[in-house]
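Engineer: Letter by letter, the chains look like this.
There are 2 protein chains.
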Amino acid sequence: MRAMLSVAIATLLSGAVLSGSAFAADAAKRETRIPDQAMATAAKLRETALASDLGYRITESLTTEVGPRLAGSEADARAVAWAQAKFKELGFDKVWIEPVTFPKWERRSESAQVLGASTQPLRLTALGGSPAGTVEAEVVRFADLAALEAAAPGSLAGKIAFIDYRMERARDGAGYGPGGKVRSRGPSAAIRGGAAGYLMRSAGTDSHRMPHTGITRFDEGLTPIPSAALAVPDADQLARLLARGPVKVRMALDCGWDGTYTSHNVIGEIRGSKKPDEVVLIGGHLDSWDLGTGAIDDGAGVGLTMAAARLIGDLKQRPARTIRVVAFANEEQGLHGGKAYAAKHQPNLKQHQIGAESDFGAGRIYAYSSSAPEHAKAADAQIAQALAPLGIEYTPGKGGAGPDIGPFAEKGLAWARLAQDGTDYFDLHHTPDDTFDKIDPQALAQNVAAYAVFAYLAASAEGDFGSQPAAASTTPVGK
Amino acid sequence: MRAMLSVAIATLLSGAVLSGSAFAADAAKRETRIPDQAMATAAKLRETALASDLGYRITESLTTEVGPRLAGSEADARAVAWAQAKFKELGFDKVWIEPVTFPKWERRSESAQVLGASTQPLRLTALGGSPAGTVEAEVVRFADLAALEAAAPGSLAGKIAFIDYRMERARDGAGYGPGGKVRSRGPSAAIRGGAAGYLMRSAGTDSHRMPHTGITRFDEGLTPIPSAALAVPDADQLARLLARGPVKVRMALDCGWDGTYTSHNVIGEIRGSKKPDEVVLIGGHLDSWDLGTGAIDDGAGVGLTMAAARLIGDLKQRPARTIRVVAFANEEQGLHGGKAYAAKHQPNLKQHQIGAESDFGAGRIYAYSSSAPEHAKAADAQIAQALAPLGIEYTPGKGGAGPDIGPFAEKGLAWARLAQDGTDYFDLHHTPDDTFDKIDPQALAQNVAAYAVFAYLAASAEGDFGSQPAAASTTPVGK
Chain C
1 MRAMLSVAIA
11 TLLSGAVLSG
21 SAFAADAAKR
31 ETRIPDQAMA
41 TAAKLRETAL
51 ASDLGYRITE
61 SLTTEVGPRL
71 AGSEADARAV
81 AWAQAKFKEL
91 GFDKVWIEPV
101 TFPKWERRSE
111 SAQVLGASTQ
121 PLRLTALGGS
131 PAGTVEAEVV
141 RFADLAALEA
151 AAPGSLAGKI
161 AFIDYRMERA
171 RDGAGYGPGG
181 KVRSRGPSAA
191 IRGGAAGYLM
201 RSAGTDSHRM
211 PHTGITRFDE
221 GLTPIPSAAL
231 AVPDADQLAR
241 LLARGPVKVR
251 MALDCGWDGT
261 YTSHNVIGEI
271 RGSKKPDEVV
281 LIGGHLDSWD
291 LGTGAIDDGA
301 GVGLTMAAAR
311 LIGDLKQRPA
321 RTIRVVAFAN
331 EEQGLHGGKA
341 YAAKHQPNLK
351 QHQIGAESDF
361 GAGRIYAYSS
371 SAPEHAKAAD
381 AQIAQALAPL
391 GIEYTPGKGG
401 AGPDIGPFAE
411 KGLAWARLAQ
421 DGTDYFDLHH
431 TPDDTFDKID
441 PQALAQNVAA
451 YAVFAYLAAS
461 AEGDFGSQPA
471 AASTTPVGK
Chain B
1 MRAMLSVAIA
11 TLLSGAVLSG
21 SAFAADAAKR
31 ETRIPDQAMA
41 TAAKLRETAL
51 ASDLGYRITE
61 SLTTEVGPRL
71 AGSEADARAV
81 AWAQAKFKEL
91 GFDKVWIEPV
101 TFPKWERRSE
111 SAQVLGASTQ
121 PLRLTALGGS
131 PAGTVEAEVV
141 RFADLAALEA
151 AAPGSLAGKI
161 AFIDYRMERA
171 RDGAGYGPGG
181 KVRSRGPSAA
191 IRGGAAGYLM
201 RSAGTDSHRM
211 PHTGITRFDE
221 GLTPIPSAAL
231 AVPDADQLAR
241 LLARGPVKVR
251 MALDCGWDGT
261 YTSHNVIGEI
271 RGSKKPDEVV
281 LIGGHLDSWD
291 LGTGAIDDGA
301 GVGLTMAAAR
311 LIGDLKQRPA
321 RTIRVVAFAN
331 EEQGLHGGKA
341 YAAKHQPNLK
351 QHQIGAESDF
361 GAGRIYAYSS
371 SAPEHAKAAD
381 AQIAQALAPL
391 GIEYTPGKGG
401 AGPDIGPFAE
411 KGLAWARLAQ
421 DGTDYFDLHH
431 TPDDTFDKID
441 PQALAQNVAA
451 YAVFAYLAAS
461 AEGDFGSQPA
471 AASTTPVGK
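Protein chains in written order, with UniProt numbering: chain C, 1 to 479; chain B, 1 to 479.
Read the hints as simulated data drawn from the structure, not as lab findings.
Every clue listed holds true.
It does not matter which identical chain is used: a pair holds within one copy or between any two.
Derived pair list, reagent style DSBU-like, types lysine-lysine, alpha-carbon separation capped at 30 Å:
#1 LYS275 / LYS377
#2 LYS104 / LYS248
#3 LYS316 / LYS350
#4 LYS248 / LYS88
#5 LYS316 / LYS94
#6 LYS377 / LYS274
#7 LYS275 / LYS411
#8 LYS275 / LYS339
#9 LYS275 / LYS94
#10 LYS88 / LYS104
#11 LYS377 / LYS411
#12 LYS339 / LYS104
Based on the sequences and whatever the hints tell you, model everything.
Structural biologist: Following this line, the structure appears as structure tokens:
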């Protein structure tokens, strides 16, 4: 997951233009409902999914056989091949790929050490997008991003700026808002201050020597500087050393952009029985950062949505609409797969019933919400009712679209949110520790069950969930 | 901590030669007792120590200012200088060093990767004592040491032997017995099988990508092979890959022995009031592995024993005997400091009242025992009584001497064991994650209190705890 999408679509996409009795009449005419038979089938599907280890096995396959799969690396192509083969092996009715082109960033080596009387190594990792470079300089500590942004221009000349901000743990990942900004905005602030290098305490909630990488950006017109995140204990150590006096650090990063690369969104479909050209879109992203094997981010999202669709395909009676699973390319470095999908499929936006991406690990899903407009709220509540036995609360109006769904949701796609418990997510996120052993098979099965129930019911609904091209003035989906 | 010393001295050192009424008369004559006044002072000392953060601050100082301190590295000398300066700063009455010479082993670089269709890096670390070398070979998995030892000679020609044994978690560290043997004996077994390289699942109980290093040995007459430990998740990954078919791995270690080095045991004393030439010996080891900053192993041991002695020195009335704190050199690679101390001080063995080393982290102490012979059992029970309010159980006859005390205990030194809760110890032991943030200040203060109470009371006792040169036939203290 690159970024939390925390702002809900605030306006109902169509209802807002109707009023009074005209609205009531219209609503009655086009009210979306889910047939009782589908609700009964969903209850059985839920139990089947809970008892299945399919999602767990698919996640194991991806993270083991492909391993780390940085976008643009040799493993990117292996991941694309894996996803195509897996869709076919699982009996999906249609499998295809769509090209996604993006700039390629490489990590080659990275190291750092405290110099002088307390010389010792520090564990860090380059931020995605950082240039290469070796900087040997005194470190200036800032408590948070605001403190660095307040530094006078040029005041950090020849120094390494270090933001020592400690990210907070939260079930919904709320701490990643401020934590992620330290990563995305810190380097540019450091450059404005004149710094030669940038260090940050990792945007993570663990206490292991596992630095958290992630993409950063440099504002237009600035000359990028080597930028890296220290593991949390190493940030602690640096802060303790700084409390004792001046500290000089040598950071050496060999990494950088190198041309462009074309990867692919990999798409598989379980075809619908009556309206096969209308789709419920679910998925995760296929790329990962290079440090771990991308289990929680986002092998699980790919595995659990593939499994959910497959279990729907196993039903005696298929739902009316098609279940489309997308394994998105290069989410991590800028939602490239999500943007490419939105651009390509915009002409068919209305044929997309609703979309949901799993990209927040595989902790138990605890809440459900969607962008359902007034005429689909009853159906939305039906979905919530079918999810309730999984311990999922109905929280209408909360949250937003998953990252790769975001660009399409901005164009008007209806979205659902199946909120995963992310209490421990940022212990592992973007670190070497994001590995398959961290996946709880029971929690993953609960995720598969929730996605299966959601997708099946949305695909079975009589009526729509409000997807339609957004007016230019529509409030954009937040990032 | 290099090795668990789990075998108690089974024989009482002197009582065994006495019998019947002769014994009773002798016992009455020389029964060791602790004066009531000392018991009262110990109770106050205990509360003072619990409220003090001195041990925590000393541990912080060592792990921060010196950092990792592999025996023989440049940091070894910095650690020796730190310990001397710290003893002086703390006002110890006498501070000196004693040379300890040992072979020097260096780690320069290490990496590994799976080759072929699932190519991906594996995180490992060379075992201490491993030679350098690059091996590219198929991996043969063994469930445990016995399975590898049963391999036919030559059957592993050109292969990498991999022991996939999972160490068990236990409060007393019992799982390290079999786990540690995989490290100490596995490489020789692999060589006998003809292997070109040796890999093991780390002897650790964590699930992080933190390989656990530690010393290994190669049996006489064998040609050492590159030997390393995989992080636990990487061992999981390798096992999953092997379950799918043959796996070829490239392991590249640059490390090895390089001449000898002379470090020092650093010794500080709080002088006794009446029998200053008799000493109660406490301490920890100053060296650490290079991956972490040696907080639980064994900065805490050094910090808490220094603090305990210093708090005893702060008392209005000093105990009769001297409290001697030893920061032992190079425990990790073969108890070099402990052996040097025993060799040098053997002539004065009887002047050592009793010894105790803290080298099992800084978890709460939950049990007390010692080698006290019959005539000192009442005093031993008094010590246990003074420790009880700290939640410490009296477990006479259990356990053995700490590692660096071991060589001297084999020669006849009386020893005590203040058993630390090691439930989490092997999550961190010998990994990069052994850092100061893992120390719980409250638990460390409890340790300081326990060591202070023990050392103060042993130094105040009227009578001895049984130190005397061991007969040649005495059962050796187990390793």
